[in-house]
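Novice: So you can see what is in the structure, the chains are spelled out below.
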Amino acid sequence: VNTTLSRRLAAYRLGITGGILGALAGVTQAAAGSHIPQWTGNKASPLGLGLLTVGLSLAALAAASTLRPTAALPPRRRVFAALVLLAVGALCFSTVGRLWYIPGIFMLAAFGVTLAAGGTRELRPVVRTNWTRGLISLLGAFEVLMAISAAPLVTIVTGIVGGGALLAAPWLVERGRVAGTTLLLLGTLPFAALTWWTLVSPLLALLALALGLPMMRRTPTAETWGSPAAALGAGSASS
Amino acid sequence: MGKDAAMEASPEDFESVDEKSAENDAHVARRSVLQGFGIGGATVLVAGTGALSYRVFDNGVLDAGSGKPYDPWSHWRDDPGPLGTVAAAILAANPHNSQPWTFHVTPTSVDLFADPSRRTGTLDPLGREQHIGLGCALENLILAAQARGLRTDVALLPQPDDPTHVAAVGLTAGPKPAGGSGLHEAIGRRHSNRGPYTTKPVSQELLAGLSAQANGLSGVQVRWFSTPSEKSAMATLIIEATQAIVDDEEQSRDSFAWFRNNRDDIDTHRDGLTLDGQGLAPVVLTLAKLLPASSRTAGDKFWLDQTRKVHTKTAAAYGVITVADPDDPMTRLTGGRLLERIHLAATAGGLALQHMNQITERIDRERMLGDPARFAPSLDALIAQSGRHGLSTFRVGYPVRSARLSPRRPLAAVTR
Chain A
1 VNTTLSRRLA AYRLGITGGI LGALAGVTQA AAGSHIPQWT GNKASPLGLG LLTVGLSLAA
61 LAAASTLRPT AALPPRRRVF AALVLLAVGA LCFSTVGRLW YIPGIFMLAA FGVTLAAGGT
121 RELRPVVRTN WTRGLISLLG AFEVLMAISA APLVTIVTGI VGGGALLAAP WLVERGRVAG
181 TTLLLLGTLP FAALTWWTLV SPLLALLALA LGLPMMRRTP TAETWGSPAA ALGAGSASS
Chain B
240 MGKDAAMEAS PEDFESVDEK SAENDAHVAR RSVLQGFGIG GATVLVAGTG ALSYRVFDNG
300 VLDAGSGKPY DPWSHWRDDP GPLGTVAAAI LAANPHNSQP WTFHVTPTSV DLFADPSRRT
360 GTLDPLGREQ HIGLGCALEN LILAAQARGL RTDVALLPQP DDPTHVAAVG LTAGPKPAGG
420 SGLHEAIGRR HSNRGPYTTK PVSQELLAGL SAQANGLSGV QVRWFSTPSE KSAMATLIIE
480 ATQAIVDDEE QSRDSFAWFR NNRDDIDTHR DGLTLDGQGL APVVLTLAKL LPASSRTAGD
540 KFWLDQTRKV HTKTAAAYGV ITVADPDDPM TRLTGGRLLE RIHLAATAGG LALQHMNQIT
600 ERIDRERMLG DPARFAPSLD ALIAQSGRHG LSTFRVGYPV RSARLSPRRP LAAVTR
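Note that the protein sequences, when read in sequence, are chains A and B.
Residue numbers for the first sequence follow my numbering, so the first one is 1 and each next one is one higher.
Residue numbers for the second sequence follow my numbering, so the first one is 240 and each next one is one higher.
Bear in mind the hints are in silico, worked out from the structure with no lab data behind them.
Heads up, the beta-carbon is just placed ideally off N, CA and C, and yes, glycines get one too.
Watch out, some of these pointers could steer you wrong.
[What the hints assert, rightly or not] Which residues of chain A face chain B? A few of them, derived with a C-beta cut under 8 Å, are:
# : residue
1 : T129
2 : T195
3 : L207
4 : L209
When you get a sec, could you build the whole thing from the sequences and use the hints?
Specialist: Take a look at the structure:
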């Protein structure tokens, strides 16, 4: 128990430090990215990428805060926190260049320690039952990745908002199928329509709908299954 | 089944239940396997989509023509002074987008220099294309000065002992033109269009208007090839020259060295030829960017193919700038000025233009190697004007689709 708690504390500290440093890296990219291109990856739009990095770092910070040793940490929440730290830690190597080396290492270390903070056997059913949701969320992350390199602004905004909706859709369906389905459609169709000629965004949309719509139909909603808060801790939602 | 009924069941009934149970188990196992395949397949597809998404991100599929390498195209009017004339000059046509220039700017003058480090090697062994490109830049510079109300005093090659000092342009206050010059207005819209052109012919009046751009420039003219037989003969020679370049490994390598295959290269170098500039249809362009970068030989094959099936096949007319002495640097610079004027006038008139210098590249290559001249007499025969030789070749027509921007180095990188 002590080992588990100390690992959680380590993961918490690593994640919080990584999140704060990441947000600072984002601010630096936004404010001075064009003046220090060799450090910031010589990006075409440092302001947008800097702000995105700040947003993602705050998300990682929020995920890391759930690892605080004094709070309850059901398996599903642990997996969620670990995946957010992994996704942000990996993605932002593409947004702020060398500035991400230190925060990225902190976040990826936090991801590893989070997985090690407790048994891995209890994580397996969570991973198994949420695999499809994870795939859909991953597609949302891919959409954000495409959007941050896009132009003009309307495409960037549509992609980031859509990607965010797609990321959230499978996890919010328990609040109601209409909300989940709306997010799924919002996350796929506008960006695919706006960038159809890339072929990748329509493919992504088709895949997300093919995975998401049946999942939405199968998933019990809050009325039939329980409150979303309970669902977050239970780790037994069907996928 | 109720408890009493189960107690009254016969042995056959139990056998039947066992069979059903086994069938059920098999059904569940089959279903699990199918589910496993489904989830596995979906995971592979998502992973593949992730890889493609990364290519979209990394290779600028969604931001073609935007970002810092393309900023000069939208900021060339910002500076009202002499530096603004350089901002216009760097948008000029030039060989392989090598941007072979540097500028020295003072409040009363701009000096144009050749940058020897930006030569294109065996593609331009005698410096012909570099001089033409510098002439194009000079024309833009003069047009931009005039549009700013500055009178220009141009001296070509002002220092005989410094061949890199290409032009000295004195600037003095003069009358600002009442209306904007059409050529000046077209500077930010002029691009080489390597895509297909429509079948709509270009009228002789329009071609005559483009020829008139030679007024005031001594020793340079344009010869048009617009009849089917003339176009066919020119197309054949261009294709043969393209094949010869592809077959010449040194020329092929020197050409490939200026091709920027991905967005990182474009952001780093801000020069060279790009996939965006090839005039491809949007979906084809996307596929080209998603696939791994092509090799030199694959690129050569693609270029030859495009020359055969798109460039020569859809040209409405060819133009050749003709001069008495293609080796004379001053003549080359003046020819470059005419070429830029024609390109700007074509742009203003809704025409597309693509520079096609394969023939002259082979002429100079054969001279450099001391090979028997094959392309020089062929081009002279096509031009069929005594004492006139081809300096530079291009095609014109009405475009199927707009040309995309080419990257440009910033002013800070080309001024001293």
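Novice: Does each hint hold? Answer for all of them.
Specialist: Going down the list of hints, with the structure as the test:
1. T129: This interface hint is violated because 11 Å lies over the 8 Å limit.
2. T195: Since chain B brings a Cβ to about 6 Å from T195 of chain A, closer than 8 Å, the hint holds.
3. L207: holds, 6 Å
4. L209: L209 of chain A check fails; min Cβ-Cβ to chain B is 12 Å, beyond 8 Å.
Checked against the numbered hints above, the structure breaks hints 1, 4 and satisfies the rest.
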